[in-house]
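Kindly generate the complete structure, drawing on both the sequences and the hints.
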Amino acid sequence: MPIRFYFDIENGRRTIRDDEGVEADDLAEALTEARSVIQEMADDVCATEPGSPLTLVVRDATGCVVGRLPIKR
Numbered sequence: 007m008p009i010r011f012y013f014d015i016e017n018g019r020r021t022i023r024d025d026e027g028v029e030a031d032d033l034a035e036a037l038t039e040a041r042s043v044i045q046e047m048a049d050d051v052c053a054t055e056p057g058s059p060l061t062l063v064v065r066d067a068t069g070c071v072v073g074r075l076p077i078k079r
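Okay, so the sequence shown: first residue is 7 according to our numbering, each after it adds one.
The hints are all genuine.
Pair ranges (Cβ atoms, derived): (1) R19 x K78: 11 to 21 angstroms; (2) S58 x M7: 30 to 40 angstroms; (3) D14 x E35: 10 to 20 angstroms; (4) P59 x M7: 34 to 44 angstroms; (5) S58 x D31: 24 to 34 angstroms; (6) N17 x C70: 14 to 24 angstroms; (7) E26 x R74: 12 to 22 angstroms; (8) M47 x R10: 15 to 25 angstroms; (9) P59 x E39: 13 to 23 angstroms; (10) M7 x G73: 16 to 26 angstroms; (11) T21 x S42: 18 to 28 angstroms.
Hints in this document: simulated from the structure, not taken from any laboratory. Heads up, the beta-carbon is just placed ideally off N, CA and C, and yes, glycines get one too.
As C-alpha cells, then:
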C-alpha cells in the first residue's frame, strides 16, 4: 500500500511546506523521487536564494522527518 511523503524546502530561516505530497511504496522510492525533484528545481530555487544552504526535508504521513537532502546546483 502506498505511503504519502511530503517534500519541504528549508533555508535555515524559513520552511516552505509541501501540502500535496507524493505517494511511494517505501522510503527508498520517496528518496529517489526527492532526488528527482531536486534536479528539476535546483537552478530556480538556488537562484532565488543565492548563498543560502537549502535542504529538501522529507516527511512521512505522520509528519515525522525521514530524510534530509541538500539542494545544490
